[in-house]
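Peer 1: Given chain A, put chain B in place with the hints provided.
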Amino acid sequence: MDLKELYQDIILEHGKNPRNFGKCEKFTHKAKGYNPLCGDQVQVYLKLNKEKKVEDLTFEGSGCAISIASTSIMTELVKGKSIEVSKKIVIDFLEMIKNTSEMHSNHLDEDQKIKIMSLSGVKQYPMRVKCATLAWHTLTSAIDEKKEEVNTEVIE
Amino acid sequence: MDIDSIRSQFPIFSKKINGKPLIYLDSSNSSQKPLSVINTLDYFYKNEFSNIGRSIHSLAVNATNKFEETRISVKNFINANSKDEIIFTKNATESINLVASTFGQKNIKAGDEILITELEHHSNYVPWHYLRETKGAIIKFAPINDDGDIIIEKLKELVTSKTKIIAVTHLSNVTGTVVPIKEIVEIARKKNIPVLVDGCQSAPHLKIDVKDLDCDFYAISGHKVYGPTGVGILYAKKKWLEELPPYIGGGGMISEVKKNKITYAPLPEKYEAGTMPTAEVVAFNESIKFMQSIGFKNIIEHEKELTNYALEKLKKINSVSIVGNPKNKAGVISFTIKGIHPHDISTIVDEDGVAIRAGHHCCQILHEKLNLTATARASIGIYNTKEDIDTLCNAIENCRKVFNLK
Numbered sequence: 044m045d046l047k048e049l050y051q052d053i054i055l056e057h058g059k060n061p062r063n064f065g066k067c068e069k070f071t072h073k074a075k076g077y078n079p080l081c082g083d084q085v086q087v088y089l090k091l092n093k094e095k096k097v098e099d100l101t102f103e104g105s106g107c108a109i110s111i112a113s114t115s116i117m118t119e120l121v122k123g124k125s126i127e128v129s130k131k132i133v134i135d136f137l138e139m140i141k142n143t144s145e146m147h148s149n150h151l152d153e154d155q156k157i158k159i160m161s162l163s164g165v166k167q168y169p170m171r172v173k174c175a176t177l178a179w180h181t182l183t184s185a186i187d188e189k190k191e192e193v194n195t196e197v198i199e
Numbered sequence: 103m104d105i106d107s108i109r110s111q112f113p114i115f116s117k118k119i120n121g122k123p124l125i126y127l128d129s130s131n132s133s134q135k136p137l138s139v140i141n142t143l144d145y146f147y148k149n150e151f152s153n154i155g156r157s158i159h160s161l162a163v164n165a166t167n168k169f170e171e172t173r174i175s176v177k178n179f180i181n182a183n184s185k186d187e188i189i190f191t192k193n194a195t196e197s198i199n200l201v202a203s204t205f206g207q208k209n210i211k212a213g214d215e216i217l218i219t220e221l222e223h224h225s226n227y228v229p230w231h232y233l234r235e236t237k238g239a240i241i242k243f244a245p246i247n248d249d250g251d252i253i254i255e256k257l258k259e260l261v262t263s264k265t266k267i268i269a270v271t272h273l274s275n276v277t278g279t280v281v282p283i284k285e286i287v288e289i290a291r292k293k294n295i296p297v298l299v300d301g302c303q304s305a306p307h308l309k310i311d312v313k314d315l316d317c318d319f320y321a322i323s324g325h326k327v328y329g330p331t332g333v334g335i336l337y338a339k340k341k342w343l344e345e346l347p348p349y350i351g352g353g354g355m356i357s358e359v360k361k362n363k364i365t366y367a368p369l370p371e372k373y374e375a376g377t378m379p380t381a382e383v384v385a386f387n388e389s390i391k392f393m394q395s396i397g398f399k400n401i402i403e404h405e406k407e408l409t410n411y412a413l414e415k416l417k418k419i420n421s422v423s424i425v426g427n428p429k430n431k432a433g434v435i436s437f438t439i440k441g442i443h444p445h446d447i448s449t450i451v452d453e454d455g456v457a458i459r460a461g462h463h464c465c466q467i468l469h470e471k472l473n474l475t476a477t478a479r480a481s482i483g484i485y486n487t488k489e490d491i492d493t494l495c496n497a498i499e500n501c502r503k504v505f506n507l508k
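Chains as they are written, first to last, in this note's numbering: chain A, 44 to 199; chain B, 103 to 508.
Hints listed in this document are in silico derivations from the structure and should not be mistaken for laboratory results. Note that beta-carbon positions come from the ideal geometry of N, C-alpha and C, so glycine has one too. Do not take every clue at face value.
In silico DSBU-like links for lysine-lysine, alpha-carbon gap of 30 Å or less [said to hold, decoys possible]: (1) K508(B) with K158(A); (2) K189(A) with K131(A); (3) K69(A) with K190(A); (4) K508(B) with K75(A); (5) K59(A) with K415(B).
So these bits of chain A aren't anywhere near chain B, every CB distance computed over 10 Å [said to hold, decoys possible]: (6) D83; (7) Q86; (8) K90; (9) E94; (10) G123; (11) D154; (12) K156; (13) M160.
Pulled out of the complex, with its shape left as it was, chain A reads as follows (with noise of 0.2 Å):
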């Protein structure tokens, strides 16, 4: 695989350049992930509104481009969404960097499908495919308040 493919301009430029990147005021919610190979975290900070729709998504670390981009990438594509919508668009992503490479959803716009498939090529890399879920089970794991840090030795 040509490595251009795994290091497309899109994440590239996402991992320099994260989007919502910091921590946003008055968050409801909070998660951190971490990934004990290699040391790389995340701290999800997420603010619910009454309608519990993503009001603000935004996060901090350190990681690799994949998974600074994966995450830049999610908030992008998260906020506005409700809750349940959140959780499903984090399971078909999950989907496509595990199985199917395509980004099936009936939660995203093709632009935003296109965009998180820049992502896909992850697949071939399986000692990558963590770095670009870290955040993703962090997300899920801020959503659903749980207390415990997101281990990517842990999950799946």
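Peer 2: Only chain B this time, still in chain A's reference frame:
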């Protein structure tokens, strides 16, 4: 030294990785194996296999003899006093656990201090942490400076009347620092404190002389010394092995077993319970012979030259920073590239057949100290060449290209 003839002894170098020749720069993690080791494993299982030390049939006698021959080779390899000071374990990690557990059981009580350093691999920290949890021991860390050298003066200050043991690496698996063990032993001797040396990284690269070092314990992993996995060495001064309790209980390590009383086998069997990695220990003898056939003078010279060459070339690449600058550095080169995470570096250079490691290398304390979450690491073995370093550097340039770095 004929590098082509050395390389030709390693079958793996005829393999292609991602269509490219393998450039193996991950020997600090584990080394590749020469054909003599691989063939001995194969031959032993096909022709000579039997469990050792129990049965009295011919196969068992021969297998036992072969097993014990390795013990004598190891004794000579590290210049121990007696073969009884050589205990076979699973790896250096188990060797350190053996000491931490048995020494801790006998000699550590609440408030006692264990002195380690900020350079240590998790395997020379976590076993001592168990004593912190179970016995209430205190672990102190001798600090390092920005170059990655242990500040010996500070270490000295951390030694108190409560210090029960000093455990220190001989060679850092991140910065490549060669630690002045003799200086540390000298400090310890004055206060009658035993010293454990984690020799996992040093054994393939430095001539080990435990008599000269005068350390009390020395731990080695066979798989890093061009040997099979599943073989570790614990060297310990005889008095410790006699004095400390056994570690794992079971067959082979007992003398007499009664319903109300058990006596233990003499050394070294006291510490070798259950069926040992027989074929692996027998094959490990070939690893030692392989290293002796090259000679440490040649090994050190070759690796020093390569290390200097690599450092010089890497420093010339824009945005590459080398981690640590110790006074005496072995062929372990950790680095970062501004703007590219080590994981991305590793994935990209792998495409060119270059195997390096990325992460915290089981040294989170050290990475925290250096304010890094992860580093990339190229580590050298006896089979590496300047061409390998050139390929690494070209692959790093390719990383910069993929990431559009100027």
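Peer 1: The structure should be examined with respect to each hint, and the outcome stated for every one.
Peer 2: To see whether the hints hold, each was checked on the structure:
no.: 1; hint: K508(B) with K158(A); result: holds (26 Å)
no.: 2; hint: K189(A) with K131(A); result: holds (18 Å)
no.: 3; hint: K69(A) with K190(A); result: holds (19 Å)
no.: 4; hint: K508(B) with K75(A); result: violated (34 Å)
no.: 5; hint: K59(A) with K415(B); result: holds (27 Å)
no.: 6; hint: D83; result: violated (7 Å)
no.: 7; hint: Q86; result: holds (14 Å)
no.: 8; hint: K90; result: holds (27 Å)
no.: 9; hint: E94; result: holds (38 Å)
no.: 10; hint: G123; result: holds (30 Å)
no.: 11; hint: D154; result: holds (24 Å)
no.: 12; hint: K156; result: holds (25 Å)
no.: 13; hint: M160; result: holds (19 Å)
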